Amino acid sequence: MKLLTIFLLLSFTSFSLLTVAFNAIFLRETEKIKNEHNLYIPSYLERLGKINLTLTFLIFLTLLLLSIMNLL
Numbered sequence: 508m509k510l511l512t513i514f515l516l517l518s519f520t521s522f523s524l525l526t527v528a529f530n531a532i533f534l535r536e537t538e539k540i541k542n543e544h545n546l547y548i549p550s551y552l553e554r555l556g557k558i559n560l561t562l563t564f565l566i567f568l569t570l571l572l573l574s575i576m577n578l579l
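In the working numbering, the protein residues as written are 508 to 579.
Everything labelled a hint here was simulated from the structure, so no lab data went into it.
The structure presented is a predicted model; accordingly, all values stated were derived computationally and were not measured.
Using N, Cα and C, we set each Cβ at its ideal position, and we do this for glycine too.
There's no promise every hint is true.
[Said to hold, decoys possible] With a cut-off of at most 25 Å between alpha-carbon atoms, the simulated SDA-like pairs for lysine to any residue come out as follows:
id: 1; residue 1: Lys541; residue 2: Ser521
id: 2; residue 1: Lys557; residue 2: Val527
id: 3; residue 1: Lys557; residue 2: Lys509
id: 4; residue 1: Lys541; residue 2: Thr520
id: 5; residue 1: Lys557; residue 2: Leu546
id: 6; residue 1: Lys539; residue 2: Thr526
id: 7; residue 1: Lys539; residue 2: Lys509
id: 8; residue 1: Lys557; residue 2: Thr537
id: 9; residue 1: Lys509; residue 2: Thr569
id: 10; residue 1: Lys509; residue 2: Ile558
id: 11; residue 1: Lys541; residue 2: Thr526
[Said to hold, decoys possible] Using C-beta positions, here's what the derived DEER-type ranges look like:
id: 12; residue 1: Lys509; residue 2: Lys539; range: 40 to 50 Å
id: 13; residue 1: Asn542; residue 2: Met576; range: 39 to 49 Å
id: 14; residue 1: Leu510; residue 2: Leu546; range: 45 to 55 Å
id: 15; residue 1: Lys541; residue 2: Phe514; range: 37 to 47 Å
id: 16; residue 1: Leu510; residue 2: Glu538; range: 16 to 26 Å
id: 17; residue 1: Phe533; residue 2: Leu568; range: 19 to 29 Å
id: 18; residue 1: Thr537; residue 2: Leu515; range: 43 to 53 Å
id: 19; residue 1: Leu517; residue 2: Thr561; range: 39 to 49 Å
id: 20; residue 1: Tyr551; residue 2: Leu524; range: 22 to 32 Å
id: 21; residue 1: Phe564; residue 2: Glu536; range: 31 to 41 Å
id: 22; residue 1: Ile513; residue 2: Phe564; range: 26 to 36 Å
id: 23; residue 1: Leu565; residue 2: Lys539; range: 41 to 51 Å
id: 24; residue 1: Leu510; residue 2: Thr569; range: 17 to 27 Å
id: 25; residue 1: Leu573; residue 2: Ile532; range: 20 to 30 Å
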């Protein structure tokens, strides 16, 4: 059971970190494109990206906490 928990912890951790990294890169590139080319990017898309980044990080922290509690 502990082996399964460790495997799930590693899987969710890697998925969450990849998602957070992708969202951060997306937000940075969006900002760069907006500044360089004076393109209009709707503010709701920026807010949506930031909310997605925050929620993904919170889910990662929750899964990490639950997995650690399960291992104890």
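Hints violated by the structure (listed by number, smallest first): 1, 3, 4, 7, 10, 16, 18, 19, 21, 22, 23
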